[in-house]
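S.K.: Read off the chains here:
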Amino acid sequence: MPSRDEIFEKVKTALVDALGVDDDEVTSNATMVGDLGAESIDFLDIVFRLEKSFGIKIPRGELFPEDVLSSTEFVTNGKVNAAGMAALKARMPFYDLTKFEQNPSVQNFPNMLTVEDMVRYVQSKVGG
Amino acid sequence: MRWFWIDRFDEFVRGRHAVAVKNVSLAEEHLHDHFPGAALMPNSLIVEGMAQTAGLLVADAIDYNRRVVLAKVAAAEFHFDAVPGDTLRFKAEILDLKPAGSLTKVSSTVDDRLQGEAELFFAHLEPGEGVPKLFEPDELLKWLDQMHIYDIGRDESGQPLQRPDW
Amino acid sequence: MRFTLLDRVTAIDPGKSITAIKTLTLSEEYLADHFPRFPVMPGVLMLESMTQAAAWTIRLGEDFAHAIVVLRSAKNVKYGDFVEPGKVLTVTAEVLSQDETTTKVKATGTVGGRTSLTARLTLERYNLADRVAHGDALDARVRTEMRKLWAVLHPAGRGAGAVRPLVYGAAVGGASSPLPGAAYRQGAIDPSGDVAPLAGR
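Residue numbers (my numbering), protein chains in the order written: chain V, 10 to 137; chain L, -12 to 153; chain W, 6 to 206.
Because the hints were derived from the structure by calculation, they are not lab data.
No residue lacks a Cβ here, since even glycine has one placed at the ideal position from N, Cα and C.
Certain hints may be false.
Claimed, not checked - Which bits of chain V does chain L cover? Going by a derived footprint, with three or more residues having C-beta under 8 Å, they are:
#1 18 to 26
#2 29 to 41
Unchecked claim - From chain L, some residues computed to sit far from chain V (all C-beta separations above 12 Å):
#3 Arg3
#4 Val8
#5 Leu90
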C-alpha cells in the first residue's frame, strides 16, 4: 500500500504533466483552478494520468461530480442545496467541503478543490 | 493555403495506431515566408500534421459519432527543423480513450531520425456542446478517401476496414 | 498564403514582452477546410501567432542578431474558445527567461477580453552561418526581410525607412510609451513616427 507521500509525488507528476506547471507550484494547499490554472478540459487529462499512474479506474463523475452540480434536484438558484450537499458528502468523503459549505455556489466547486483533495481521492481508491 | 497537413496514411489500425506521411515541398507558399530564402517547415504546422494523424485515428475509433477537436497540446518538442525535400512520417497511438476525450502520442521522423514528439489531447464533443456540425458526411468521406484510409486500414483483428455508406 | 499570422503589433517591450493582434477573415483559404461547416482558426495557427509574436520581441530585443527564431517546444497549449471569422485574436507573450540559444515564454490569447488560449513556449534562435556553407549570406537576406516585415507590422515603423532598425524611444519622438501602436490609434503619433496630433491637419 503506497504511503501518503508516495501518492503525493505521483499526483504531483500527473499535475505537472497535465497542467504544465512547475514542480514547486504543486503544494498540498494549492487550489486546482485558482493556483494551478486547471480548466474543465484538464480534469479529463488528469483522470487519464491518474488512472495510468496508479492502475485505477475513475468513473465519470467520481472525481468531479458534474451530475450532482447540474441536477435540479440538488441545485437551487445556482447553489447546492441541503440534499445536494448530503449527496456530495456521501459520494465524496475524500473532499474537505467545509469551505464550500460557506458559499455552496455551483461555480465555486471547482475553485475549492486542492491538490490535497486529489491525494485523498487517490488514497480512497488505492486503500492507502 | 489549404488545410491538409498529411498527404496519405501508410498504416491505419483501428483504435490502435496510424502512420501518415507528409512531404515538405517548396511549392508550398508558406515556406517562402518561413524564412525568405531559407525555408524551414514551421513546427506549428507539424503539430497539425500530428493532430490530423491522431485525430482521424480517434474519430474512426468512436465511429465519427462525436466532433473530435484538438483541445490541448500537453507537450510538444522538436529536435531539428524539417526542410524542403524531407518526408515527415507521423506515427500516432492512442494512449487512452473515453467517450468525452482522448490522449494520444505522436512522433515525427525524417529518414528514421526523430524530428519531434507530442502528446495531444482531443475533446469529443456532442451536438449541443457548443460546436455545430464540422463536415457534411460526404465532405468528410472525401477527405478519408483522399487519405486512403479504406485502402490500407485494418481493424484490430486484421480485417480491412469497411468504407462507410454515408 | 503568406505565413504572417499577425496583422499588427500593438505594444512591445523589446526582449521582454509583446502584444499583437490577428484578425480572422473568411478570405483565408484554409477556412474552407477547417472546417467546411464551421470555419474557425486552427489551434495550431493560434500557436503560430503566439510563436511569431514571441519571435518579434526576441528579435527586437537583440537587434535582429539571429536570423532564425523558431518554436522548439510547447507545453500545455490549451484552447478555450473558438476564434471565428470577423473576430480579433489578441496575443500576448512575456519572456520568462533566456539563455544563449533559447527563450522561455508564457503566452496567452484573448478574444473580446476572454482568454481563449494559454501556453508556455520555448523558442530557439540561431544563425545559418553556424550550420551551413554560405550561411552568413542567407542570414543577411533573412534579416533584411524580417526588418521590412517588422516595419509593416508595427505602425510606428511605417514610412520611417522600411529597413531602418527601430530604436524605441527615438522612433516615437523620445516618448517612453511602450504602446506606440495604441498611441498611433489615439492620434498621438502619425505614421512617420513623429509626435503630432492627427486631428487638425
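S.K.: Give a verdict on every hint.
M.R.: Quick rundown of the hints versus the structure:
1. 18 to 26: Per the Cβ count (1), the hint is violated.
2. 29 to 41: Our answer is that it is violated, as 1 residues pass the Cβ test (under 8 Å) against chain L, missing three.
3. Arg3: Fine: 17 Å to the nearest Cβ keeps Arg3 (chain L) off the interface.
4. Val8: Check passes; 28 Å lies beyond 12 Å.
5. Leu90: 5 Å, violated
Checked against the numbered hints above, the structure breaks hints 1, 2 and 5 and satisfies the rest.
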